[in-house]
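Please model the complete structure; the sequences and the hints are all you need to start from.
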Amino acid sequence: MQTVRRLKEQGIAILFVSHKLEELFELCDRVTVMRDGEHILTEDISNVDTDGLIQAMVGRTLSKQFPKEMGERGECFLKVKDLKQLGVFSGISFEAYAGEVLAFAGLVGSGRTEVMRAIFSADKIDGGEVYIRGKRVNFKDPRQAIRRGIAFLTEDRKGQGLVLSQPVSTNLILASMKKYRKGMLLNRPHIRRVAEHSIKTLRIKTPTIHEVVEQLSGGNQQKVVIGKWINTDADIYIFDEPTRGIDVGAKVEVYHVMNHLIKEGKCIIMVSSELPEVLGMADRVIVMRGGRLMAEIERGSRFFNQNDIMKAAWGGQLA
Amino acid sequence: MTQVRKKARIGDLLMKLGPLMVLAILYIIFAITRPGRFITMANQMNILKQTAVNCLIGAGMLLALITAGIDLSVGYNAILATCTIGVLMQNFGVSSPFILIPAAILVSTFAGFVNGTLLTRLDLPHPFVSTLGMKNVLWGVALLITASKTIGFTNKGIDSTLWIGRATFNLRPFGLTIVEGFPVSFILVLLVYLAFHVFLNHTALGRQIYCVGGNPETARLSGIRSKNVLTTVYTISGLMCGIAGVVLAGRLNTANTASAATYDTDAIAACIIGGASFRGGKGTIWGTMLGALLISTIRNGLNLFSAGNDIQYIVIGSVIILAVTIDVSRNKLEARARKLATI
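From first to last, the protein sequence lines stand for chains A and B. If you're matching positions, the first sequence starts at 1 in this note's numbering and goes up one per residue. If you're matching positions, the second sequence starts at 1001 in this note's numbering and goes up one per residue.
Heads up, some of the hints might be wrong.
[Stated by the list, open to error] The following label-pair restraints were derived from C-beta to C-beta distances:
(1) A:Glu-214 to B:Val-1198: 24 to 30 Å
(2) A:Leu-185 to B:Val-1324: 32 to 38 Å
(3) B:His-1202 to A:Leu-21: 46 to 52 Å
(4) A:Leu-7 to B:Val-1324: 41 to 47 Å
I should point out that these hints are in silico values taken from the structure, not numbers from a laboratory. From the three backbone atoms N, C-alpha and C, an ideal C-beta is built for every residue, glycine too.
Written as structure tokens, this is what we have:
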């Protein structure tokens, strides 16, 4: 950003493409909004505000940026005790309940993703225990974690969430393929129904279920990954940066999906680096720093605000 | 805009029908320049006979290519199967096809399983390494068990084993000759290819092979045991080599360790011409058949011009390079077509 500013001072014209609205207000003098390949508006930045930009980008008024609906906290779905990975994290203990969004906040590199990968058995651990609904589990690989009802939406959707060269339908059933067997063969009409249902309920914009996912926009790709996990009928959904790199409209739709899951009594663990999102959607926040838990803050607590979460993320004491 | 889209779609279609059109053009050229010799029942059946082995090996190779891998051991694996039949016959006096055929197929399948295991359990960087190593190992084993000697099959009392590779049949309803001398080995190819078609498109494992090829990490994190899938792929490739080896025994009438020269490159070429890509994730079994037929037709045509091995190697080599070049530009074109299609 400083480089961009310096270049600007040198009299160089800069076209800055971004969907991070804060950046635009900090950096730009004029703004152009495009939607679906068409020019919507060009204005001096001083003439527009965040809501106006969002409305122009989405094409309709978004009632709320974070449409949080409260769920009912139920039984303990996931309990983690003293989880440890040498040199990465240690002493990780927490519980996650049905009907709640538990957010993991912290700086990039604080070990949040690594903890989630360990719970999902994508990586090996060096100690600690994991319980699902009170039962000790010890998964060998992600396949077993999926069978016991864990879904893991990774932060890197192209590298770890999707098979870009394959059609939407295949990606939607990727994690639940054995459900669609009929004898030795796959039940194609069943797959078709499931894929079309996902596309309808998640409002995935795609010409057909046969389109390769590479061709979809970031937001629609993310919805395909979410659909993939919803089709596994999991109880515990780990969402790692679920709205990274997608436009504001798609973000709100992801939040609606989260609300829906919570209403069905599922448990969501959301790793997010965007504090407004954490504050907007979480029922409880765990703050991590340097591979350790720093704080656990309930919604409604006086620490449930941007300053105190940042303070904990930097290693400060909350008092 | 719709016109651009239409153009993109036509381009896409041309790419898919490309091999078929090249085949048609070759037919016309050979038919005109070699009148009365290329388009004859005997010669056409000859092409099918020559294609069968490549088709069988190519089917296994296709699976490896879909997973973004490669199996360089196929040629000597097939030869090892043929040599297994030879050695069992000569040194152990076995003549029953019910022992010879399963034994040959078992040996090759096991070699394929070793290929897959080396790749997945030793975490070797690329199947290039494990299968290239195995190619030499299998060649060595073949030399070892045959004591580096060629074993002839003529009049050795194992004709029933050689039947698949040798036999032909005629179709003459009401005395009207429709087909004469159709090779049984190509019937086998058709059955195998039908099975592959169902396997790749209608079974979970088939879909998973494409996904592991497209993105192994996504596949793993989606609960697919990528390593098991890969091991299965190379085992099936070995199985196909075994079947090809049995056909070879009947076709060549000898078990000769020096005859594997072009099987691996021919199989790779058939797959790539047929639409598979070194980058994995795509390819169809019927495309592979088309690719194999194309190669056989070129060889056959060159033979009719009495071109020697030297010229044949040069031409086939050029065709392989051309096919890979087309594959690369096809990827670019497809990306463009898709981009246009979303407008």
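Taking the hints in turn, this is what the structure says about them:
no.: 1; hint: A:Glu-214 to B:Val-1198: 24 to 30 Å; verdict: 27 Å, holds
no.: 2; hint: A:Leu-185 to B:Val-1324: 32 to 38 Å; verdict: 34 Å, holds
no.: 3; hint: B:His-1202 to A:Leu-21: 46 to 52 Å; verdict: 47 Å, holds
no.: 4; hint: A:Leu-7 to B:Val-1324: 41 to 47 Å; verdict: 43 Å, holds
Checked against the numbered hints above, the structure breaks none of them.
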